[in-house]
Each structure stands twice: as C-alpha cells, then as structure tokens.
Amino acid sequence: MKETDAIFQHLQAAHRQAAATEDTLRISLDAKAPVLIGPFSRGGKSRQGHQGADHDFQPWGRLTPFGIFLPDQKDLSLFFTSSKVTSDFMVDRLTQWWQLNRQRHPKVQKWLLDLDNGPENHSRRTQFIYRLLQLAQAAQVTIELVYYPPYHSKYNPIERCWGVLEVYWNGELLDSEAAVLGFAANMTYAQKHPAVYHLSETYSKGVRRTKEEMRLLEARLVRHAELPKWSVTIAPPAASEILLPG
1 MKETDAIFQH LQAAHRQAAA TEDTLRISLD AKAPVLIGPF SRGGKSRQGH
51 QGADHDFQPW GRLTPFGIFL PDQKDLSLFF TSSKVTSDFM VDRLTQWWQL
101 NRQRHPKVQK WLLDLDNGPE NHSRRTQFIY RLLQLAQAAQ VTIELVYYPP
151 YHSKYNPIER CWGVLEVYWN GELLDSEAAV LGFAANMTYA QKHPAVYHLS
201 ETYSKGVRRT KEEMRLLEAR LVRHAELPKW SVTIAPPAAS EILLPG
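Residue numbers (this note's numbering): 1 to 246.
Hints are computed from structural coordinates only; laboratory data are not their basis. Remember, predicted model here, so these are calculated numbers, not experimental data. A virtual CB, placed ideally from N, CA and C, is assigned to each residue, including glycine. There could be a bad hint or two in this list.
Okay, derived cross-link-like pairs now, DSS-like style, lysine-lysine, Cα gap no bigger than 27 Å in a straight line [said to hold, decoys possible]:
1) K2 to K107
2) K154 to K84
3) K2 to K229
4) K84 to K107
5) K211 to K107
6) K211 to K154
7) K192 to K229
8) K107 to K192
9) K110 to K74
10) K2 to K84
11) K154 to K110
12) K32 to K229
13) K107 to K154
14) K107 to K32
15) K32 to K211
16) K2 to K192
17) K229 to K110
18) K229 to K84
19) K2 to K74
20) K192 to K211
21) K84 to K211
What follows is a list of derived Cβ distance ranges for each label pair [what the hints assert, rightly or not]:
22) A219 to Q58: 15 to 25 Å
23) Q73 to Q140: 17 to 27 Å
24) E3 to L244: 26 to 36 Å
25) P245 to W60: 17 to 27 Å
26) K2 to Q103: 38 to 48 Å
27) K154 to A238: 13 to 23 Å
28) P245 to Q191: 44 to 54 Å
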C-alpha cells in the first residue's frame, strides 16, 4: 500500500509526542484469536506434567482474549469473553478500564489509541465512532485514533503481549475457563502480572448507525489531511450536548 511509509512516520511522531507529554496516555488494544477450551495438545512442555489428547475433540467452549496495554508503563489488562468482540464490546472495555484506572492517571486529558484496522474498529465503522464519541464526552478526554497499515499488525505493542502469553501457556491443558484465566493471571510481561477479567455480557454483531447519523457524527471528527482513514481525533463534546437527535 502506497501510504505505508507515511502511516509509520505519522505513528512514530504521535508516539514520540505522547511519550513527551504527561497529559497524553498511549494505549494499545486488540483481540487475540479465540482460545479453544478442551483437552487439546498445544505442543511444548507442561509445567504440571499434563499431556494433551492425541486426537481432536470438539471444544467445550471458547474464550476470546481482548487486551488493553500501556506500552510506556508496561501495564496489561486482559478481558476474556465467550461473546463476539464487537465495536460495543471494545468501547465498553475501554470504559471499564478507565473507571478502574482513572485515579492512577490524574493528569491525562488525551488518549492515543494504537489500533489495527479491523472490521469492528476501523475509522469508518459507524458504531465504533459513535461509541467513542460517547466515551470522549463521558470521560471528557480527547481520543486520537492511529492505525497500523494492513499486514503490519505485528508492530502494535499488544501483539508482544500475546506472544508472551502463548509461550507461557504453551504445553498446558486449557481444559476449563478457570485454567485459561489462571494461566493468564500468572504470566508476566516486563515482570508485571496482568489484571484479568472474565466477562459474561453478550454482544451482537451488525449494530450500525444510519448514513444521516454518521454524517452528523463525522462533523465532530478531525481526520488527518493526508491519512484520513489512519488518523482521527475526537475532541470531547460538552456534557450537555446531544450527539444524535431522538
């Protein structure tokens, strides 16, 4: 893609600015592939001496990990769900995470979100943009979205955390939700354990805003002049403002 170099230059500049400014918090987020729950062999050597089944079974369940990672502080939060990871799910997790961690970042007035250009969180995803506007309004923070180009998601810092998690539980039997959550909580990244949460809410795919609603929402966004799909800034609307009529 011809914009790849320009996108990375913009990402690097945004990251440098965030690191140099105490009122900006850089946040990397993404979901990992679902974890199949069952007596499956995962390769590697088990710490507990367990051995996986030597033939395939239907999984007993699935849990999808969603991560929120602060690259500069090396703080990791993992949210496990058996539901779909939708636009609403992602923004609900950001909301939950901020409610739990806001007091640790009293000077923060802006979030810089490192994102992959996925189907549920790209910058033209109407429900994602709507929910982020709601969150910016509720939290009174500016939210800047910066996206990695296609086929370069490995550079998103959260991907390093997935690699560490995969190595940590490689060889173990993830044969229950408790086992998945337990191994996740016991791993370390940069000598820190993650905060781990198990979620029971159910989310539906396909929720979207109308074209007229998105026209109104789009007027509140500031898109980068040369990279409008890859860099978007959302200023917090006043608490009294109505984002959409009705």
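> Which numbered hints does this structure break?
Replying inline: Violated hints (numbers, rising): 1, 4, 5, 6, 7, 10, 13, 14, 15, 16, 19, 20, 22, 25 and 27; every other hint is consistent with the structure.
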